[in-house]
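Undergrad: Each chain, letter by letter, is given below.
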Amino acid sequence: GAVVSQHPSRVICKSGTSVKIECRSLDFQATTMFWYRQFPKKSLMLMATSNEGSKATYEQGVEKDKFLINHASLTLSTLTVTSAHPEDSSFYICSASWGGGEGQPQHFGDGTRLSIL
Amino acid sequence: RKEVEQDPGPFNVPEGATVAFNCTYSNSASQSFFWYRQDCRKEPKLLMSVYSSGNEDGRFTAQLNRASQYISLLIRDSKLSDSATYLCVVPASNTGKLIFGQGTTLQVKP
Numbered sequence: 297g298a299v300v301s302q303h304p305s306r307v308i309c310k311s312g313t314s315v316k317i318e319c320r321s322l323d324f325q326a327t328t329m330f331w332y333r334q335f336p337k338k339s340l341m342l343m344a345t346s347n348e349g350s351k352a353t354y355e356q357g358v359e360k361d362k363f364l365i366n367h368a369s370l371t372l373s374t375l376t377v378t379s380a381h382p383e384d385s386s387f388y389i390c391s392a393s394w395g396g397g398e399g400q401p402q403h404f405g406d407g408t409r410l411s412i413l
Numbered sequence: 502r503k504e505v506e507q508d509p510g511p512f513n514v515p516e517g518a519t520v521a522f523n524c525t526y527s528n529s530a531s532q533s534f535f536w537y538r539q540d541c542r543k544e545p546k547l548l549m550s551v552y553s554s555g556n557e558d559g560r561f562t563a564q565l566n567r568a569s570q571y572i573s574l575l576i577r578d579s580k581l582s583d584s585a586t587y588l589c590v591v592p593a594s595n596t597g598k599l600i601f602g603q604g605t606t607l608q609v610k611p
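Those protein sequence lines, which keep their order, are chains A and B.
Position 98 of the first sequence, counted from 1, bears residue number 394 in the working numbering, the numbering being contiguous throughout.
Position 48 of the second sequence, counted from 1, bears residue number 549 in the working numbering, the numbering being contiguous throughout.
A few of these clues could be false.
[What the hints assert, rightly or not] Cut-off 20 angstroms, straight-line C-alpha distance, at most; resulting in silico cross-link-like pairs (PhoX-like, lysine-lysine):
no. : chain 1 : residue 1 : chain 2 : residue 2
1   : B       : Lys598    : A       : Lys351
2   : A       : Lys338    : B       : Lys543
3   : A       : Lys362    : A       : Lys316
4   : A       : Lys351    : A       : Lys362
5   : A       : Lys337    : B       : Lys543
6   : A       : Lys310    : B       : Lys610
7   : B       : Lys598    : B       : Lys546
8   : A       : Lys360    : A       : Lys316
9   : A       : Lys338    : B       : Lys610
10  : A       : Lys337    : B       : Lys546
11  : A       : Lys316    : A       : Lys351
12  : A       : Lys338    : B       : Lys503
13  : A       : Lys310    : A       : Lys351
14  : B       : Lys610    : B       : Lys580
15  : B       : Lys546    : A       : Lys338
16  : A       : Lys360    : B       : Lys598
17  : B       : Lys503    : B       : Lys598
18  : B       : Lys580    : B       : Lys546
Calculated from the structure, these hints are not laboratory results.
Quantities reported herein were computed from a predicted structural model and do not represent experimental measurements.
Just need the whole structure built from these sequences, with the hints factored in.
TA: This is how it looks when you write it as structure tokens:
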């Protein structure tokens, strides 16, 4: 089955630090990847759609200058949380659609638990 | 109506019980649906895809009622390992995005 790898799985750092999270599709090419954030006991909230070779599409209310997304290849998308603050502490998860078409399920990375002190 | 709505539960059931969750959706044009399972502090994992009237995989059965715009997930002979949050997911039209319900929490007790 499709495998999506996310790294790192856990980050603890000081306020003001920038944190980079990688999402890789291991056995398929993903022209589109998705970045989500999930707070405790809440549903996944889509942050942005990462498009290979072009700019990401951000959801309403998500600061594009705060959450930088780069999708330079068909197997790698990165999310950088710039100048992170305690309120950015959350579970960040990426996903990719194997089939690529509309209506296809997405396969998720392991997630990154970010804690900002 | 919310785009995707689920009863958050929790559903507390004994081992061996049969339990069913419902999920309603607002977009009548939706053609495919998914149930994901999410364990505490873990990523969601695809449990079942539903493209027609329903799908069955072992102890799990998903049914789709297009007229009433709801999807159900039935779990038979519940196991302790079934304890998790079950997410109802509906693709957003023409975007490739998925819309997640808030999830239904199941706790299977010995």
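Undergrad: All hints, please: hold or fail.
TA: Here is how each hint holds up against the structure:
no.	hint	in the structure
1	B:Lys598 to A:Lys351	holds, 16 angstroms
2	A:Lys338 to B:Lys543	holds, 13 angstroms
3	A:Lys362 to A:Lys316	holds, 12 angstroms
4	A:Lys351 to A:Lys362	holds, 14 angstroms
5	A:Lys337 to B:Lys543	holds, 12 angstroms
6	A:Lys310 to B:Lys610	violated, 40 angstroms
7	B:Lys598 to B:Lys546	holds, 16 angstroms
8	A:Lys360 to A:Lys316	holds, 14 angstroms
9	A:Lys338 to B:Lys610	violated, 23 angstroms
10	A:Lys337 to B:Lys546	holds, 17 angstroms
11	A:Lys316 to A:Lys351	holds, 17 angstroms
12	A:Lys338 to B:Lys503	holds, 15 angstroms
13	A:Lys310 to A:Lys351	violated, 29 angstroms
14	B:Lys610 to B:Lys580	holds, 8 angstroms
15	B:Lys546 to A:Lys338	holds, 16 angstroms
16	A:Lys360 to B:Lys598	holds, 18 angstroms
17	B:Lys503 to B:Lys598	holds, 16 angstroms
18	B:Lys580 to B:Lys546	holds, 18 angstroms
Going through the hint list in order, the structure does not satisfy hints 6, 9 and 13.
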